[in-house]
Structures are given as C-alpha cells and as structure tokens.
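Participant: Those protein sequence lines, which keep their order, are chains A and B. Using this note's numbering, the first residue of the first sequence is number 1, and each one after it goes up by one. Using this note's numbering, the first residue of the second sequence is number 1, and each one after it goes up by one.
Please note that the accuracy of each hint is not assured.
[Claimed, not checked] Derived DEER-like restraints, expressed as beta-carbon distance ranges:
(1) A:21 <-> B:79: 25 to 35 Å
(2) B:497 <-> A:83: 17 to 27 Å
(3) B:797 <-> A:20: 38 to 48 Å
(4) B:110 <-> A:83: 21 to 31 Å
(5) B:798 <-> A:125: 27 to 37 Å
(6) A:125 <-> B:797: 15 to 25 Å
(7) A:21 <-> B:98: 57 to 67 Å
(8) A:119 <-> B:415: 27 to 37 Å
(9) B:526 <-> A:83: 27 to 37 Å
[Said to hold, decoys possible] Quick look at which bits of chain A chain B covers, simulated, 3 or more residues with Cβ under 8 Å:
(10) 1 to 15
(11) 37 to 45
(12) 62 to 69
(13) 72 to 84
(14) 143 to 152
Keep in mind the hints are simulated off the structure, nothing from the lab. Quick caveat, the model's predicted, so the values are computed rather than measured. For every residue, glycine included, the Cβ atom is placed at its ideal position computed from N, Cα and C.
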Amino acid sequence: MGVPIKVQVNGKTYERTVEPRTLLVHFLREELGLTGTNVGCETSLCGACTVMVDGKTVKSCTQLALQADGSSVTTIEGIADGDRLSAVQEGFWEKHGLQCGYCTPGMIMAATHLLSENPKPSEAEIRAGLKGNLCRCTGYHNIVEAVKYAAAKMA
Amino acid sequence: MKRDLDRPGGSATLGGDAASSAVSWPRRPIARQPGQPPHDSALGHVQGSARYIDDLPLREGELRIALVGAPCARGRVTRLDLDAVRAAPGVVGVYTAADLPGANLWGPIFHDEPVLAEEVVAYLGQPLAVVAADDERDARAAAALARVEVEEEEPVLTIEQAVAAGEFIGPQRQIARGDLEAGWERARQRIEGRFESKGQEQFYLESQAALVVPEEGGSLLVYSSTQNPTEIQKVVADALGWRQSQVVCEVLRMGGAFGGKETQAALPAVFAALVAFHTHRPVRVVYGKDEDMLLTGKRHEFHTDYRIGFDERGRIVAAELDVRSNGGAYADLSTAVLERCMLHLDNAYHLPAVRIGARVCRTNLPPNTAFRGFGGPQGMAVIESCMEEIAARLRLDPLDVRRVNLYPADEASDAALTPYGQRVRGNLLPEIFDRLEQSSDYRLRRREISQHNARTDAWGEPPCVLRGLSLVPVKFGISFTNKTLNQANALVNVYTDGSVQVSTGATEMGQGVNTKLAMIVAQEFGIDHRRVVVRPTSTEKNNNTSPTAASASTDLNGAAAVKACAAIRERLAELASGLLAGSTDGLAPAPEQVGFEGGAVFDRRAPERRIDFAELCRRAHVERIDLGARSFYATPGIDFDRETGRGCPFAYYTTGACVAEVRVDRLLGTLELERLDVLMDIGKPIHLAIEMGQIVGGLVQGIGWVTGEELVYDGRGELLTTSPTTYKIPAASDLPRDLRVEILDNDLNRHNVRSTKAVGEPPLMLAIAVWTAVRDALGAAVALGARPGDLRIPATHEEIARTLSGCSVEEWIAAS
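Bound conformation, chain A alone (with noise of 0.2 Å):
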C-alpha cells in the first residue's frame, strides 16, 4: 500500500508514492536515481549513507522514506554549486582524502554538517566529529586535511 510524499531533493520537489517500508536510502537511489549515497553496513554506523535533511545529518539506511516527507533532502549530488565544488569537495579532491571513494559522498556530508556548525574546528574536533562515518582505505589523516581546507577556504 503506497504513500504519498512529497520532498524536496537537492533543491527540487518531488511528490512520490512509496510503501511505507521504504528507506530513505533505498527512495533516493531507486526512485529518484541518485546514486551517489552509497549502502554500506545497513544499521546506521559505517555512515556511507549519509544525507542530510533539513540541515542535519541523517544516516538514510535507517530513515523512512516517509519521515522524510515535507522535508528538504541534500545529497551528495546536490552540494556543488552548478559545475564548482564545494570547499569541501574540494578539499577531498585537493588533499587526497579519498580512496576507493565509496565512504566519500557520506563523509563529505557529514564535513559539510560539521562546518556548519563549527567553522573552525580543531584537529580533535574534525576526529571527533567525523567517528560516526567509518573509512577503510585511508586512515582517515588526509580526510582530516580536506576538512581544514576547506575550513580554511570558508573562512
């Protein structure tokens, strides 16, 4: 039995049906196509997954779809501005804060998420506040370093 919803992806409104059982993770790249959130461990804590709705981070393998109605989804797709990357994009791409990449687009909003609400974070912070996303390939050091360059390139 479906549901309607409506939300705001990335900027752009979308009104769907969807069974209430549906992930956010799972409406995101199924039905809308955006298949830059990636799955990863499916309870909530490698982070690969990460989104944000309405300004939070939001782990979208254990999100509903529906919780998402009314609200206003950002993905990894929607972060750049037109063709120019964010600074925190940029920063992942300048610093070499990536690997394989699959932890990348969760990692990177989970950087976008902590900037906005520390602009200047310390060393310990950025630790701190990137532990709920998990890395495998690069030991986490230059995805410290993306994350103040691109405090540094907001400042």
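Given the coordinates of chain A, work out where chain B should sit on it, guided by the hints.
Facilitator: Positioned in the frame of chain A, the structure of chain B alone reads:
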C-alpha cells in the same frame, strides 16, 4: 637524487631536507601537493558520480537473487524442500547444484569448494540454493521459506579442535636452515611458548557484488567487484560448462577489497551467472553487510609454538617454530597464505639455525582468504613478540635486541641469508633503525617512560597510565610466491589526436593503480598525464591476468605498460627522425636520438625543433604506422621450491619501521596511541601522495588488526560480530595523536619498474609496533601481577585488562 652507498656510513639525506636532527624531523606531507595529479576517480568520488556495481543502471528484465544457506556449520543434508520457495510471490526460479551445467567444484589452488553444497555442509550459511526474483525483497522473503534439514555433526571450529581431529588442508610444510643442534648448544637461554593472533574482517565498504548480462550467441558479460577478473571468468565458465572465451569479466572499480575480493568475489558472480544461464535475463547480486561478513572468509587466525635460543646479547642462535592456521572449510588461498607466513617469520632478522613447520587446519568456518599482508603479519608478529620476550628476559631494551638480530646492510655477509636461502640485498633497515632512533628521540623517551612507569607501583595509585614504546621493522617480500602469477600484459592504444588509452590486468580498488599507470604511460610518451586514460580492466582486452594482489600490480602491469609504450615509441621515433632530419642541418635520421618530452618530439642533437606529439600521431596514422601495442612482462629471477623450502621467491623487499608510543590505562585496559613515527624505503615513488595514502591507510588497518578488531564466534560456528555495531574498525577518533611519516630517498631498486617499490601491503605490518608497545607498557605492571607474555592479537581493551589481571583466558571467561 641517487643514493651514494659508497659514502662512509652509507647515509643519505632525507627527502627535501638536510640531515635531520633529533628535534626537527623533516615531515614529508602526506596529503596531495601541487603538481601531483589527483586520484583518477577523485572528481567522481566527491560528486557521487563514480559508479559501483549497485549503481549501474537497472537492466530490462533484471533479476535479483537471495541464498538458501546451511542452518548449521557441519552435517549431512537430509532434506532440501524448496517447494514453498518456488511458489512464493515474485520468484522466477530456484537453482541448486543439480542445475549447474558444469563443474560444482572450484578453488584458486585446489578445486575443493562446491559452488553450491550438496549432501554435505561445511560452514554455517553455506549456500545450498539460489533464489531469483524480480525484486530483492521477494527473493529474500522466498529464500526464508526453504526447509532444510541437516543431520548435524559436532563442528570443528578452533585450531586445537582441528589438530585433535586430524583435520588439515594440504601437506605439512617445512623450511629449515643451519645447524640447529649446534645452535642450541650455543644458546645461553631459551624462551618457549605459544603465540596467537586472531583473524580480521576485510571490511571493504562495498559488499561483494556482480551484475551478469547475457549476450548474443551464448556468452555472458560479468561486471564484478573483484580483484581477479580472470578468476571470475574461469569459475563462471567452469560452472556453466562453457569455454572461457564465452565469458567476459569487466571491473570498473571496487569500493575497497583488501584481499577479500581476490577469490571470494567468485561465488556471488557464479550464482548470478547460473541464474542468467537459465533465465537469459540480466542478474544482479549485492550482498548485505551482515550476509557478507557471515559468508566470506577473513584473515587467518594463527597459532605458533615457538622455541628460541639466544646468546647474552639477545642474538638468536636457534629457532624452532611450529605454525598452525585456521583455514576454514575449504582450501581457498590458505596454503599460499601459510607459505607467506613461513617466509616472513624471520621478519627482518637473521636466524642462523631455524626449523619452521607449518600446516593449515580445516575447520567449519567460511574458508579464510587473502587480506593485505597475506600471512606476513601473522608471521612477523610471532618473531616480534619473541623479541620483546628475549629483551625482558635479558633486561635489555628491545630495540637493542632487534638491532643485533637485524639483517645487515652488507649483502655478502652470511647473516644476509634468509631461512629459505634468498639473500637480502640493498637492505636499508640498519640505516632506518639509526634514523628513526634519532628522529623519534627513542632513547630520551625510553628514559622518560621508564621513569614514568616506575612510579606505577601500586594499584589505584596515580598515575593509572602505563606508557609503552616500541620500534618494529618490516621487511616484506614482493612477488607472488606462486611464480606463475608474476606476469602481466598491457594494451596501450594511441589515438590520432595524441591521446592514449591503457588497459591492464590491474584492477582499481582505491589504491590508485590507475593514476600511477597513467603517470607512467604519460612519462613514457612525454605527454601530460591528462591525455592518458586508464580503462576498466576487462578479460576481453587483457587475458589470463593475475589478481591485483601481493602489492605487485603497479610492478607487473606498469612494467608491461612501459614495454608497450616503448614499442609504440620506437615506431614513432623512426618516423620522427626522418621528419626532423629533413629540416635539420645535415643531420642523418637517427631514431635513437629522438626524445619525447613536454608533449613534443625532438632530435636531441637539435632540440630546438619540435614536432607536437599529436601531430606526430596523426602523421603516423597517415603513414600507416601501428599506434597500438600489447606487451607482456614476467618478473625475472624468481623461483621457489616449496618441496624443499628453498629459493628466491621475491624480486626484492619493501622495508620500513615504526616507532609507536602508547598509553594504557592499567585499571580499565583502555589504550590510546600517543605518537607514531614511520620511516619506509619504498624506492622511488611514482606519486608520493598516493603512496603516502597507502602507508597511512595500511598502518591504520593494521592498528585495527592488533587492537580493536575482534571476531567472535559462538559454539555453533556462527559469527556474532557481523556488523560495525559489534566489529570495531578504527574510526577517525582512533588516530594516533601524533603521526609522522617519512620515506627514504632510494633510486636504486633497479629490479623494478621506475626503481619503485611496492607499497600496498607492507605498511600494514608497521602496526605491529603498536602491539609491542602495548606489551612494553604492560611490562611495567609485572610486579602488580600482569603477564605481558600472555597478550594476544588483538590487544582489545578487554584483552589488555585480562593480561593486566594475570588471568588465563579460561580464568577470565570463568570470572566474567
């Protein structure tokens, strides 16, 4: 900068800086610097447009699958009733071993593992049937309706149980060298005991995945997240009873692999292929995380019984090591992992008289498999633990014990011979020791730490923190120990606008091999790296490839690519020499004088006149000159006889060392990483930021193995830690407070392409220093009852607390 080995002391300056003093360590930047190209997928990754298997657009008529698995770890199947599954909504087909048109046995070394289990099940969850449906949820719901009855047998889960039951995989192996009897006579003291290290989950973030698309005329195109497309091609063809030429496997990228997709990407791909074979429809499979963790193999657990004799300086004179690994239910790569373990039990130390015996145990767990280091970490950890024990026995600094045992810089010395008879050449470890000892202020910090720990004299009294320090070297052999695998081919196509496509067997899993290959090829043609595109690996372009493994993918595929470029360059030089000579003051055409640089070609005798590279390519095409080449490379000079345990299995060694300082809370057992100093010899880097990324990433993964990552199984053989809720890989907050990474300048590794050295696996083992530092810290609490010699890998907080308490594992379990 070339190393001047003739200089007294053989010292070289650290990169970009004058000789370092103890205080001003020249830190080399880890992150990307201007001039270094970004990772070739960087833009796609930051925009979310880089695609993994699950992101590929839905195909028309696409099916998804789910598995019916064994309900217990060991037994005989008495009933497999799939009627309810077949009748479930959305189900298109249900397939068992009987539906496999080809062979139901596969395996990278021995063909001993069923694609789908038949009468016998050998691990919990082992696939018995594949359910296909239009929708994944339907497939999973239907699979749950299967009625599987198994006459259960007591599973063999541990190494001890397997040894007691005589359950082994492959033969007993041995490597021996020197006169043990004389060694034992020389020994002043001896230590003996058992060292244990547990397994580790690869924890790639992208689970195993494949998309199989039927093509015309009885053929399949398999998109797989695999390190080993040729293996997928073979296993799919075998299972379907087809020729390999009927299957193409393509790999765009993996969302991490770490060895876990070297062999174990095969089963999901075969399941999808089986369904595609029967339905003629595209089939996609993407494991769930818990499913992936439950069903796929891990790093091997190892137990090693050791007996080591040493002299008064701690120099090892006799070593007997008896190694057992937990292989799981089928062979997979276990015998090769065991072999690499045996070849790394010496780590960086000369063992003049040694006997190593080793065997793989068969248990009822999913077959354990490759994981970065491939047995090397498990071997090195044994000898490093012994170094700590010897030092404690002799009341020496463990650094000094390591130092007297280290392979020498002098490669002619008898002490440069490994247990298997290969000579350690170009060894920079003595220099690395000297430099790190200085730059990390080792001696000063050792004194401070000793003073600090000496105040820890009673329970509950401040300070509660024990500090530990350790320097551990790594010497990792580069080459597949299976000689056959040390080959690669590369296809280089140059287009008439001077742009280039490269295809090799090297698969991209994030490590940056594509970026490095593009740089190598760009340099060969003297063009900008942006003109070079590295295409997805496909068995259609590169046949009979070796897995992207053993750290050797740039070595092998890069060398093949260089040869292909050289072949094209030779033809272009021939053409260019004529064009340039015609306009140059009376110079005869001389192809050997043609240089490729800055996007142009020129005659070195008159370098001012240049022809644009693109223009030359256009002319070459007009003149009917071949602008493509496929080349082949096989590593020379390697050979190893596993019967006798002797030979030269490795082209060279990548070396390095790490100084770790840790803080252990002696009441809670919690651990903090204070500072890590790393110095590596990775030859001449191709792309320093990418290689630094491998160093730091490998190091942190290794820290996970030796500290927080613990696999827990119940008595039925069910993995209880099947998600990051319970299985803890390092997070950003677990980084060492202070991390310093440096490399030596070394242009002399002529054995390898561009004088580089492989860097993928070796840094993982630097993390053993963290574990030995924990052990070192615990040494300060011996008077309080701690038993540091009992510490196992991983040193979880609980394991540290147990070791501090002095409890045995049995006592600890009983008490908790």
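Participant: Need the list of violated hint numbers for this structure, in ascending order.
Facilitator: 4, 7, 8, 10 and 12
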